[in-house]
Structures are given as C-alpha cells and as structure tokens.
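> All chains, please: the whole structure from these sequences, using the hints.
Which chain is which? The protein sequence lines are A and B, in order.
Counting in my numbering, the first sequence runs from 33 upward without gaps.
Counting in my numbering, the second sequence runs from 1012 upward without gaps.
These aren't lab readings, by the way, just hints derived from the structure by calculation.
Wrong hints could be hidden among the right ones.
[Unchecked claim] Ranges of calculated distance between the beta carbons of each label pair, as one might list FRET restraints: (1) A/243 <-> B/1372: 36 to 46 Å; (2) B/1308 <-> A/62: 44 to 54 Å; (3) B/1081 <-> A/284: 53 to 63 Å; (4) B/1180 <-> A/75: 54 to 64 Å; (5) A/95 <-> B/1154: 49 to 59 Å.
[To be verified] Here are the computed lysine-lysine pairs in the DSBU-like style, where the Cα-Cα straight-line distance is at most 30 Å: (6) B/1366 <-> B/1325; (7) B/1240 <-> B/1198; (8) A/282 <-> B/1157; (9) B/1157 <-> B/1512; (10) B/1161 <-> A/282; (11) B/1325 <-> B/1361.
Even glycine gets a Cβ: it sits at the ideal position worked out from N, Cα and C.
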Amino acid sequence: MIPTVYGKRGLSAVHCFDPRGKIILLGVFLVTFFLPLRIGHLGIHLAAVAVLTVVFLGIGNVLRTLRLILPILVLVLILTPPFHREGPVLFSIRSVPILTVFGLVEALRLIVRFTGITLIFYLFMGTTDPDSLVLAFRWFRLPFSVSMVLSIALEYIPTIRIIYDQVRDAHRLRLADETMEARQAVNSGRTREKGKSKPRGKRGHRLAESIPILTSVLILSVRRIPTLAMALECRGVGRKNRRSSFHSLKTGAPMIRDGLITALIAATVVFSIVLFP
Amino acid sequence: MILQEPDLTIENLCFSYPEYPGLPARRLFDGLDLELAEASIAVLLARPDQGKTTLCRTLVGLVPRFSGGSVEGRVRLGSVELLEHQPFDLLEQVGLVFQHPGEQLLLSRCDSEIAFALESLGISRPEIEARLEDALRAMSLERYRKESPKNLSGGEKKKLLVACLIAVNPQLWLLDETLEELDSDTKTALLRLLKERRRTTLILSAKWHELFRDYVDRVFLMEEGKIQKIHEPVGSSEFHDLLRRRGFILPIEELPCRGATPQPRSPQPPSDQAPGSKAVKADPGKGDTLLEAAELFFRYEPDSGREGSTFSLKIAKLTLQAGSTLALLGDNGSGKSTLGRILCGLLTPKMGAIKIRKNGRLQQATEDILNRFTGYLFQDPDLQIFLPTIFEELALGLEHLHIETEEIRRRVDQAISLFNLPVTDCPPSLMSYGARKRLQAAVYYLLDRPLMIIDEGDSGLGVNDFAEMVRVFQNPGRALLFITHDHRLAQGLADEVLELKNGRLR
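Rendered as structure tokens:
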C-alpha cells in the first residue's frame, strides 16, 4: 500500500455535514463572491471561509493551494488598475494615471473574489466524499448519469494530482542528469557556455521543469478517457433498470439539524448582503 | 475428465484491428475456437502481443465497441450470444478483471468500488451489505473497507477487483493476468475460491504458475491467432517440456545469465555520457560494493490517508555489489515498492543512510544523487511513457545528455531491436501492456544507470521475455534488483533472493 494525502478522510463537523447542505451553501457563497459588494464585506466572507478551511483542512494545505493561484493573483494586481483610472491618483507617469484608488480597490476585489471561490471549492471538495456527492446530486433530482459525470469530474481533480506526482517522479529520475546540471548552473550563477541556453533563475527553472510534466499529465489524462468509459460500462453504467444505492444520506433528526444549520448560515449571508450591500 | 455441455463456446472468432497512424491494420484472431464446460477452470497461455487482453475485451463486449476494427464469428455463453450485447447488459453473465488494475478502479472507497456494480443491478442494500462482507473477507480486504483504492499497492488493487467480481458473481469470470502481482498466499486463496464457487473461469496468463496444477481443468495455448488445447496431462513431464519449449516455464538449468559472470550484451550498452555531463559514474569492478544502505527507517506520514496505519520499513543493512542480481520477494503491501523508491531517491527515509560508490569510494548519497544513480522501472509502465512515438520516447533522455543526433538514432535503433519493439513511429499507447513494459525498460537501458530496479517487471511479460530483459541489464559494473512474486523466477535469475515481510528484510 502506498498511501497518498489524497485519500485522507476526516471526522470533523464539516466532513460529516450533510452534503445537500454543503451544496446549497457552496451555491450561496459562490453567488455572494460574484455580487458587487463592498470590498470590506467581501473580505469578511473571505476571512470566514479561510478560517473554516484552515481549521478543517490545515494551514499547510491552504498555503499550498494559495501558492498555486499566487501567479494569477499577482497578474490581476498588475493588470487590473490600468483599466480603472477613476478616482484619486496614487501613482502616475507624466500625468498619466497608472494607479488610482478605484483601480486598486477593483484589483483587490478581484483577488478577494478569486481567492474566496478557490477556497470555498477547496473546502467543499476536501471535506466531501464523492460517493455522497452523487447521492446528494440525485436527491436534487439530477439523473444518475449527470450525477456520476459530476462526481467523476470532481473526483478527477485529486486523481490528476496523483498522476502529476507520479509523472514528476518519473521525470525526476529520467532527466536527473539534465536537472542536476541545470540546478548547479542556477545555484552557482554560472555563465552560459557557447551554444547552450542561458541558465534560468530558480523560479524560471521550476516553471520550465513543470511544462513537460504538465504536458505528460495531460496526455495520460486524455488516454484514460476510453479506459474509464470501458470500466464504467463493465460495472453496469448504461443499464436501463433502476439503480439501488448502498450508501445513504442522513435522515430524521440529523438531517433536520444540518438543514437548520444550512438555513441559518444562508440566512445570515443573505441578511448581511441586504443590510450592508 | 468428462466434458459437460459447453458453457462458453467460441466459434471461428476473427478480429482485425483498424489501421492507426504508425501502426498498420493487423489481423489478431484468425478463427479462434474454444469450448469451456460449466464450472470449469481453464488457463489460456499466450505470450505478450498475442491478444489475451483483446480476447477478454471481445468476450465482455468492449471490443470492437471501444477499439474499432472488425469482428466475425460466434461467442455463446449458455444461450446468450455475447457479441450481440453491450458490456453493461452482460454484467451478470461475464466479469472481467483488467490486466492494469488502475484503469478499472473508479471510486474513492473500497466498499463503494465493490458495491457499484451491485447498485447497477438494482440489488437491495441488505443484500449488497452481505455480498460486500463476503467479498472483502474472501480477499482479506476487511481493513481496507473505507480506504481509497488509490492508496492500495498494485497487488492489493487486483485483490479489490477480484472482490468486485466475487460480489457480482457472474457466470463467466475472465482474469486477465490477474495472478501476476499477487503474492503466493493470495494466488492460492483465489484459485481455491474459484474452485469452491464453481463458476466458469478463463485465466489468461503469459506464464505457467505451478499453483495452477491443482486447480485448473484445461490448459490452452494461443499463438498466431489460433487457440490449441494441450492434450498432455497437466503436471506431467511432457506437459512441462511443451511449456518450456514454448516459453511459458523458465528453463532454469539452461539460463545463460545464472552462475556465470554477466557480460555486457553486444553491442556495448551506451555507458558513455556527453562531454561535460555530471552523471554519476561508478566504474567499479565486479564484486565491489556499489550501494550500501544501513539502518534505514521509513514510515508514511500519519495524515497520509491510511487509517490506523502501522506500516513501517526498517532495513538494518542492504548491500548491492557490482555485477550482482538481487531478487526481492514479499507479500502485497510488504514495502517492496517503498524500498525501491527509497533506493532511487524518490522517498526520503526518516533515519539511516545510503552510500554509493563514487570516484572509487563509498560516499553518502543525497536524493538528487540517487536519482541519477538508479534507474527505477515503475510497476505501472504508463506513468513513465508519455510521448507520441517510440523514437521520441527513447530519444528524450539521450537528448537531455546532449548526445549527437546520429548517435541518438543509432542507440535508439539498437534498443528497439534489443527489446523487440515495433517500428520507431509507432504510438506507445497502442502497444500491448507487455510491449509498453519493454519500452519502459528500453528507456532506462539507454540511460545506463549503475543500479537498476525493476518493480514487478515480469507482470505481463513471458518468462523468457523477462529473463532476456534481466540479461540485458546484467553487467559486471552494474547491479540489478528486481521485485517479483515469482519464486521460481527469483531463484532462476538472481544471485541472491531477499524477502520483505511487513517492512522487514528476512
């Protein structure tokens, strides 16, 4: 057995919370992040989601996720202000406003929005069993095939991460000589030899290293599609008879409790939007 | 043995693959005939590339539905014409365990995986629960019930897929190289279970396992698109002679690679590197210690997803000498792949040190150095093969060593011939599992690392093919460690056999 972090299961309150409630709250938070609210208001929502994510999935996982989207956030911060030049000017070149208060607020709004959506999805996926997701989608009257597709698509995200890790290991072994040479060049700041490309910086090198890995992952993922379809049909997907269900969603008092909590959180978010738009 | 009314009948089955870019159309089956009696267990022996997987997929309805090509003939299971049905409609008639288990597992928990097909059949929850318990118990998987299948080792994944089959209990069981990657106890348990359940079973294999002798009723050979029954009594000397001649049993006494000093195969393997390359060069003489690991201790992180995990790997001392060939045996989940990954620097031990021979003396090795010192063939070849053609796949590592184009072409051609690969522009994804394993080995042959580790490389390969692969990697200045479940192969090909049990070397 080769354990990976991706199969990790938790027993926390969020992990055990009814997936139907989680789907509703996911929708509520997604809509909230897309509404044109004040930056402070969006920031409070982001803080709430971030705290929940840190508490239930751990600071390490959250930081890793944020590191992944960091390049996009930096691009947003750089590219958004020039398109919003209204309001008091903070920085200009030859009387051409480059950074205004409005531009800065818009950039921050986009950053908060993107980070919030990422974290809420991460919290949802990290604490919800895909099998229970299918059940929840079916409870919302989605056909089994649609629920299955959604679940497989969502399940595929961690699978891609596993493939990525394995492919990275394969590349690491296969191209070890080249990688070591490049690393030494980067670390020593060695000048380039004639006919060889210029050694990149550490960050540039890491980016260059990741391109063939990502390409390989893409190829392997595409290759998996027909075998995935074969595996599904061999397990009876496509049959006309009614499916039964081995796992079940909560019923009775636990369902009512989680339903009330869902309603309470959703109402709080809606009221906060109405009261402080 | 009295042959009853046939349960499975294959009559004049012909199949041709369509033409793909780089791969011409190929007639794989040319009038296959086969009859299996109800509740009988048969073994179909075929060397790699002879169409074992295609035959299984044809019987279950996946071919030509997913592969294209044309199929003719008749296949009947009782009164059901299998070629006229879709795979999902044959769920209770035919069950298949894929050769590559990773391709068949879909869900995030082992119990969900087993229950999935039962849900498709619309079976009630209490009945699913009962069958699930039975299947888990039969394959000794109770403790993995809530685990993610992704966390299981290759052998454990196969056990889980057999458990899925046990739960559905179809009329015909097709086991495509399923006994490969399983430890001896599990193989015996599976064969005993097949005997007890009295289901018609066709086991497809590239090699003869002695365990078959007590459990199988019929043995067939598939060669050149035809199936022939072996008439010699199973286990007789004539039977063994025949299988030895056809390459399904390893002729230990005739092996050229055992006992004698290994010689580099001619032409000389490419040991030279590009000028200026920083590749680790060992250059030791035969018998010199090439790698030494002492007091190694490794444990997966507590948050690794393995609930209640107590697994740890502890190796007091392991020495690999130049010119030596070691075999590593061990039950599924005993830590064989983990040890392999530590020795090539992909996993870092919590304690202990690994030294390698460098510049004539043993020196402490970091992960980076081990990455360059060791070649490691993953259990799953597809994770090491990514490029569109065989040539590109083989040339990649050499290009990174800045070797001249002409020299690359020469070495690639040599590797293609040595590992019996198709033409250079053939897409690897269209090759058989065994051919993909040979390609994976050819990639590392060209990289010429001082230490080679082959993780269950014999799975999907015939015994002679694997022996040939071992022979290619044997070299007086290099060491080879191969992981296997086949005791006979281990004893036949290795100078020393090690065994791991619960993470400890015995």
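> Decide, hint by hint, whether the structure agrees.
Taking the hints in turn, this is what the structure says about them:
1. A/243 <-> B/1372: 36 to 46 Å: holds (38 Å)
2. B/1308 <-> A/62: 44 to 54 Å: Holds - the Cβ-Cβ distance for residue 1308 of chain B and residue 62 of chain A, about 46 Å, lies within 44 to 54 Å.
3. B/1081 <-> A/284: 53 to 63 Å: Check passed, 57 Å falls within 53 to 63 Å.
4. B/1180 <-> A/75: 54 to 64 Å: Since residue 1180 of chain B and residue 75 of chain A have Cβ atoms about 58 Å apart, the given range 54 to 64 Å holds.
5. A/95 <-> B/1154: 49 to 59 Å: violated (33 Å)
6. B/1366 <-> B/1325: holds (17 Å)
7. B/1240 <-> B/1198: holds (24 Å)
8. A/282 <-> B/1157: holds (18 Å)
9. B/1157 <-> B/1512: holds (24 Å)
10. B/1161 <-> A/282: Holds, because 27 Å separates the two Cα atoms, which is no more than 30 Å.
11. B/1325 <-> B/1361: Distance of about 10 Å is within 30 Å: holds.
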